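Enquirer: Now for the letters of each chain:
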Amino acid sequence: EAQVTQNPRYLITVTGKKLTVTCSQNMNHEYMSWYRQDPGLGLRQIYYSMNVEVTDKGDVPEGYKVSRKEKRNFPLILESPSPNQTSLYFCASSFGYGTEAFFGQGTRLTVV
Amino acid sequence: ILNVEQSPQSLHVQEGDSTNFTCSFPSSNFYALHWYRWETAKSPEALFVMTLNGDEKKKGRISATLNTKEGYSYLYIKGSQPEDSATYLCAFNTGTASKLTFGTGTRLQVTL
Numbered sequence: 001e002a003q004v005t006q007n008p009r010y011l012i013t014v015t016g017k018k019l020t021v022t023c024s025q026n027m028n029h030e031y032m033s034w035y036r037q038d039p040g041l042g043l044r045q046i047y048y049s050m051n052v053e054v055t056d057k058g059d060v061p062e063g064y065k066v067s068r069k070e071k072r073n074f075p076l077i078l079e080s081p082s083p084n085q086t087s088l089y090f091c092a093s094s095f096g097y098g099t100e101a102f103f104g105q106g107t108r109l110t111v112v
Numbered sequence: 113i114l115n116v117e118q119s120p121q122s123l124h125v126q127e128g129d130s131t132n133f134t135c136s137f138p139s140s141n142f143y144a145l146h147w148y149r150w151e152t153a154k155s156p157e158a159l160f161v162m163t164l165n166g167d168e169k170k171k172g173r174i175s176a177t178l179n180t181k182e183g184y185s186y187l188y189i190k191g192s193q194p195e196d197s198a199t200y201l202c203a204f205n206t207g208t209a210s211k212l213t214f215g216t217g218t219r220l221q222v223t224l
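Here the protein sequences come in this chain order: A and B.
The first sequence begins at 1 in the working numbering and counts up by one.
The second sequence begins at 113 in the working numbering and counts up by one.
Calculated from the structure, these hints are not laboratory results.
Remember, predicted model here, so these are calculated numbers, not experimental data.
For glycine and all other residues, C-beta sits at the position ideal for the given N, C-alpha and C.
Any given hint could be a false lead.
[Said to hold, decoys possible] List time: in silico DSSO-like cross-link candidates among lysine-lysine, alpha-carbon distance up to 27 Å:
#1 170/B - 211/B
#2 71/A - 181/B
#3 181/B - 154/B
#4 69/A - 57/A
#5 71/A - 154/B
#6 169/B - 57/A
#7 181/B - 170/B
#8 69/A - 211/B
#9 190/B - 57/A
#10 17/A - 57/A
#11 181/B - 65/A
#12 154/B - 65/A
[Unchecked claim] Using C-beta positions, here's what the derived DEER-type ranges look like:
#13 8/A - 151/B: 18 to 24 Å
#14 207/B - 52/A: 21 to 27 Å
#15 130/B - 56/A: 40 to 46 Å
#16 151/B - 28/A: 42 to 48 Å
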């Protein structure tokens, strides 16, 4: 089954403790991206990747890192999480830029 | 940050009503316009991706139109059903930056 898989689905962590949210897709998509969803603000793009080893900042990249060492995986790294990073996070992939995005199940992160 | 605006913010209709929503986006450097359907506790799912001025797309009772010259798209739902209750998101790709910018969505509730 074609899908985008995120883990974990839920995470509660403390300020400053490094964490990684994994994202994997099995559709051989070139374009992958991370979004955060906050009430009243819509989905905002954090980082995106056009292909392996090609990543770029979205609209809200501060406090996040990403890497794209393999085509299928695009992990989101929070080196020192802070409470303002409490949010619902989505990973998405698409065949290429400008094509329909397939979303993962979401990760609800709480930083206390 | 590019502005993608959706209206109305929320909508409450009766079963059988037809309804429509608007998405406004910058008309310069247009590349693609997306519509997604997002049900509560699920992930957004693509409805349409449109790239050409005058494009019209249809999927069952849902259809969409695109005007790239004036920067708007309409989503229509004919004969709304309770299962159409969801948030409808539009998103915009430009030709100059590899980002996908989302609006805040229109929340539709259909009651019997």
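Enquirer: All the hints need checking, so say for each whether the structure fits it.
Expert: To see whether the hints hold, each was checked on the structure:
1. The straight-line distance between the Cα atoms of residue 170/B and residue 211/B is roughly 25 Å, inside the 27 Å bound, and the hint therefore holds.
2. With a C-alpha separation of about 36 Å, the suggested pairing of residue 71/A with residue 181/B is violated against the 27 Å cut-off.
3. Proposed proximity of residue 181/B and residue 154/B is contradicted: the alpha carbons are some 34 Å apart, above 27 Å.
4. At roughly 17 Å between alpha-carbon atoms, residue 69/A and residue 57/A fall within 27 Å of each other, so this suggested pair holds.
5. Using a Cα cut-off of 27 Å, the hinted pair residue 71/A and residue 154/B holds, with the two alpha carbons roughly 25 Å apart.
6. Proximity of residue 169/B to residue 57/A is assessed by CA-CA distance (about 31 Å); at most 27 Å being required, the pair is judged violated.
7. A distance of roughly 21 Å separates the Cα atoms of residue 181/B and residue 170/B; the hinted pair therefore holds under the 27 Å criterion.
8. Restraint check: the Cα-Cα separation between residue 69/A and residue 211/B comes to about 20 Å, which is no more than 27 Å; the hinted pair holds.
9. For the proposed pair residue 190/B and residue 57/A, the alpha carbon gap of about 39 Å is over 27 Å, so the pair is violated.
10. Only pairs whose Cα atoms come within 27 Å are accepted, and residue 17/A paired with residue 57/A is accepted, the gap being roughly 23 Å.
11. For the proposed pair residue 181/B and residue 65/A, the alpha carbon gap of about 37 Å is over 27 Å, so the pair is violated.
12. The suggested pairing of residue 154/B with residue 65/A holds, with an alpha-carbon distance near 25 Å, which does not exceed 27 Å.
13. Here the CB-CB span from residue 8/A to residue 151/B is close to 21 Å, well matched to the stated 18 to 24 Å.
14. In this structure the hint that residue 207/B and residue 52/A lie 21 to 27 Å apart at CB holds, the actual value being about 24 Å.
15. In this structure, residue 130/B and residue 56/A meet the distance hint of 40 to 46 Å, their C-beta atoms being roughly 41 Å apart.
16. At roughly 27 Å, the beta-carbon separation of residue 151/B and residue 28/A lies outside the given 42 to 48 Å, and the hint is violated.
The structure fails hints 2, 3, 6, 9, 11, 16 (numbered hints given earlier, in ascending order).
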